[in-house]
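Chains as they are written, first to last, in the working numbering: chain P, 1 to 302; chain U, 303 to 781.
Fair warning: there could be bad hints in the mix.
Restraint ranges, calculated between C-beta atoms of paired labels, are given here [what the hints assert, rightly or not]:
#	chain 1	residue 1	chain 2	residue 2	range
1	P	S226	U	E421	44 to 52 Å
2	U	T542	P	R174	52 to 60 Å
3	P	D151	U	L481	50 to 58 Å
4	P	K180	U	A540	47 to 55 Å
5	U	M736	P	R260	32 to 40 Å
6	U	H585	P	E280	49 to 57 Å
7	U	A575	P	T177	51 to 59 Å
8	U	W538	P	D151	53 to 61 Å
Below, a list of computed lysine to any residue pairs in the SDA-like style, where the Cα atoms sit at most 25 Å apart [stated by the list, open to error]:
#	chain 1	residue 1	chain 2	residue 2
9	P	K253	U	V691
10	P	K69	U	N330
11	U	K456	P	L98
12	P	K253	U	Q693
13	U	K456	P	Q66
14	P	K101	U	P541
15	U	K756	U	H468
16	P	K261	U	K456
17	P	K69	U	A451
18	U	K647	P	N234
19	U	K647	P	K185
20	U	K506	P	K180
21	P	K101	U	S743
22	P	K253	U	A738
23	U	K647	P	V87
24	P	K253	U	N330
25	P	K185	P	R90
26	P	K180	U	N330
27	P	K101	P	K185
28	P	K101	U	G410
29	P	K253	U	S743
30	P	K69	U	P487
31	U	K647	U	L406
32	P	K261	P	L233
33	P	K69	U	S743
What the hints contain is simulated information worked out from the structure, not anything from laboratory work.
No residue lacks a Cβ here, since even glycine has one placed at the ideal position from N, Cα and C.
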Amino acid sequence: MRRYLLLVFTLLVSLPLQANLKVFTCEPEWAALAEELGGNHVDVTSATQAMQDPHYIQARPSLIAQIRKADLLVCTGAGLEAGWLPVLLRKGNNPRILAGKPGHLMATSHVTMKEVPQVVDRSMGDIHASGNPHIQTDPRNIAKVATVLTDRLIQIDSANRDEYQRRYEDFSLRWNTAIKDWQQKAASVKGMPVVVYHRSWIYLQDWLGLKEVASLEPKPGIPPGSRYLADVLNRTQGFTDLVIIHSQYQESKAIEWFSRKSGAPVVLLPSTVGGTAEAEDLFSWYEEIIRRLLKPHGGGNE
Amino acid sequence: MNRIITISGALIALNLTPLQAVANEDINQLRKQLEVLKQDYESRINALEKRLLEAEQSQHQLKQDIKAEQPVSPPQQQSVSAGQVPQPTAAKRGDKSFNPAISLILDGRYSDFSEDPEEYSLSGFQLAGEAGPGEQGFTLGHSELVISANADDKFFGRFTAAFDSHEGETEVVIEEAFLETLAMPYALKVRGGRFYSDIGYLNKQHPHQWDFTDAPLVYRGLFGNHLLDDGVQLSWLAPTDLYFELGSELLSGGRYPIEYSGDSTIPAYTLFAKLGGDVGISHSWQAGLSLIDAKVDYSTESGHGHGHEDEHEGEEEHMSPIYSGDTVTLGFDLVWKWAPQGNFKQRNLVLQYEYFNRDYDGMLSAEHEGMTETGSYDGSQSGWYAQAVYQFMPQWRLGLRYDSLTSSTSGSSPELIEESVFDSEGHDPWRYSMMADWSNSEFSRLRLQYGHDKSSPEANDYWILQYVLSLGAHGAHRY
């Protein structure tokens, strides 16, 4: 009985100490990263699941409730969440995570952006003035964000500084080793011509040397029409080893149609953690990307 | 001697640990810096490679352009990323989005009503403000200019000017001009100025965000489309997993339904509570309760359809009785949204229901040949609408809506009631509407709506073809 009471007492005393840092992420990849780096000291929730296109999220009541309690916000930024994050920030009444605070981390502010347009005009589709926001498809970008995220964790929760530092070193070592491994494995896909659905793979393309020859969306965010597809088909006829790449949330008849007509295999690449059943964490996610890229003729269409 | 050695040994040992820790930390930091440097170089090399590639490509393009003049061109072997303008890799950083965010909403329509919309009336209800079916033929709808931004780390501000055309005249109305706090403690928020009230579900949506071209009849009859006023709002967000928000507004009155010219500076207040959450990954919901308690005084020109006064010009002045006194409006709203896997882009279904009831407790008065007749009045009005909007594939949506209103009158003077707008002549208004819309992108929408409208005993069938364009800053995906 005394031991039981002691246990209860210890638990009660330690409860306030164990109030974990609440991390609210916009996309699953940042949730996975926050879990890698924060371990038991963080409670992570992600606004989107892998099956959801992060462009088209609504400021749902549950998200407002979650963002109100967050200590740290980790999002992609660069306009990817332009439709809903500003609303959440306004409705969440939470000063800890507003822009300019340590609790406000936008990944795209810490990597080199590609495709920064010189002219912004919506006739070009839903392009982002700050550049293509799909930075998570290059693992070296993840490494950069890991550094900043560790700094922020330490800044907000300095009591666990050593633990964050230790976890960061451990993660970076494993991650950088893995990057080299993936690069070696994927050496053979260099120069492979790909047709993408949405232009969300340019960072991966640049990393592995894939060659994007067309996108099935005529403009970012605008679904293809039949005439446009026929046009793309016409213009990609010269390629023999063409591969069609799309993300798990881009279910489209256009992809099937194009594959049937061109004979090119469809490869579903998980755009984030959870995008396929095998992509359970950051490491297995990239392994899955490489594996699927390496055998496009092995039935990547699911 | 031995002792000295032991002590110094111990001291060294003692010292060493922190020293080592410091050294470790230094090494770690160095490692980290090296890592950053390495990555920095890698990205620079990447950028250089990209530029080189682009330079090569543009040269290639040039050659191809020249070749293209020949009758037969070889199959293109280079990037034909259709529709893509080659975009230089700019190493520029930072958010280039507009500050402040400026957006312009364009709304135009072609309407065809089987009955003259000028003769429109809503049995048992007042019509005020912009409420009404619209005009016949080609008209401009509700154009809006919206400017908003965070003023600093504590305040957000928004300004909305609406431009409406009525019979060749342009009317500019400031619909919103408010400040809102961003960093109040305890998740409190204060809003002040002119704003759309947070009562109900649809009330705070601007006309271009509506799923149909027109407001539900209950909003048309009870709020003149919107409850919109000058005042202050306080709201609080509970620290719960379920979304729970409480709020209250103090309003100054000045437009229907809180027109007021008496002594009180705050003739109306509202209370609202909202609750919401997710059910699994594919469903989400929100429910709300609202109360509006207002002292009103419809002595101004409300309570009349458009243009009726003109017909009576020159004739004997015969105004319908006007109401002054208290009104209490209660509302309930429920929204349920479904999207497979929560992915709204592909398919989604939105179900929406709202109910409002208003009780009157005051006086009706009318002037007849210089005499003022008065009588007590304690009638009530209520109504609801239910709608379903289904996006069955990207870009395409179908919607169905049903409206129903009812009212009852009671008071000391049956003659006054009979002459007032409250008298429904035994008709309870109803309407059903169907719409189909197509959105090429998030920023444009074309909509066709058909409605069968029994606002008054005379049935009105109408068709409206509408476009809504949103220029400038990215609109909000509100729930």
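Do the hints match the structure? See the list:
1. P/S226 <-> U/E421: 44 to 52 Å: holds (46 Å)
2. U/T542 <-> P/R174: 52 to 60 Å: violated (38 Å)
3. P/D151 <-> U/L481: 50 to 58 Å: violated (33 Å)
4. P/K180 <-> U/A540: 47 to 55 Å: holds (49 Å)
5. U/M736 <-> P/R260: 32 to 40 Å: holds (36 Å)
6. U/H585 <-> P/E280: 49 to 57 Å: violated (25 Å)
7. U/A575 <-> P/T177: 51 to 59 Å: holds (54 Å)
8. U/W538 <-> P/D151: 53 to 61 Å: violated (33 Å)
9. P/K253 <-> U/V691: holds (23 Å)
10. P/K69 <-> U/N330: violated (33 Å)
11. U/K456 <-> P/L98: Holds. U/K456 to P/L98 sits at ~10 Å (cutoff 25 Å).
12. P/K253 <-> U/Q693: Given pair P/K253, U/Q693 holds - Cα atoms ~16 Å apart, limit 25 Å.
13. U/K456 <-> P/Q66: holds (21 Å)
14. P/K101 <-> U/P541: The hint holds at about 21 Å.
15. U/K756 <-> U/H468: Cα-Cα ~24 Å, so holds.
16. P/K261 <-> U/K456: violated (56 Å)
17. P/K69 <-> U/A451: Cα-Cα ~24 Å, so holds.
18. U/K647 <-> P/N234: Measuring from Cα to Cα gives roughly 28 Å; hence the hint is violated.
19. U/K647 <-> P/K185: It is violated: about 35 Å lies between the C-alpha atoms, which goes past 25 Å.
20. U/K506 <-> P/K180: violated (53 Å)
21. P/K101 <-> U/S743: violated (33 Å)
22. P/K253 <-> U/A738: Roughly 22 Å separates the two Cα atoms, so the pair holds.
23. U/K647 <-> P/V87: holds (19 Å)
24. P/K253 <-> U/N330: The given pair, whose Cα atoms are some 51 Å apart, is violated under the 25 Å limit.
25. P/K185 <-> P/R90: Cα-Cα ~45 Å, so violated.
26. P/K180 <-> U/N330: holds (21 Å)
27. P/K101 <-> P/K185: Violated: P/K101 and P/K185 sit about 40 Å apart, past 25 Å.
28. P/K101 <-> U/G410: violated (42 Å)
29. P/K253 <-> U/S743: holds (18 Å)
30. P/K69 <-> U/P487: holds (12 Å)
31. U/K647 <-> U/L406: Holds, at about 24 Å.
32. P/K261 <-> P/L233: holds (8 Å)
33. P/K69 <-> U/S743: Roughly 33 Å between the alpha carbons, so the hint for P/K69 and U/S743 is violated.
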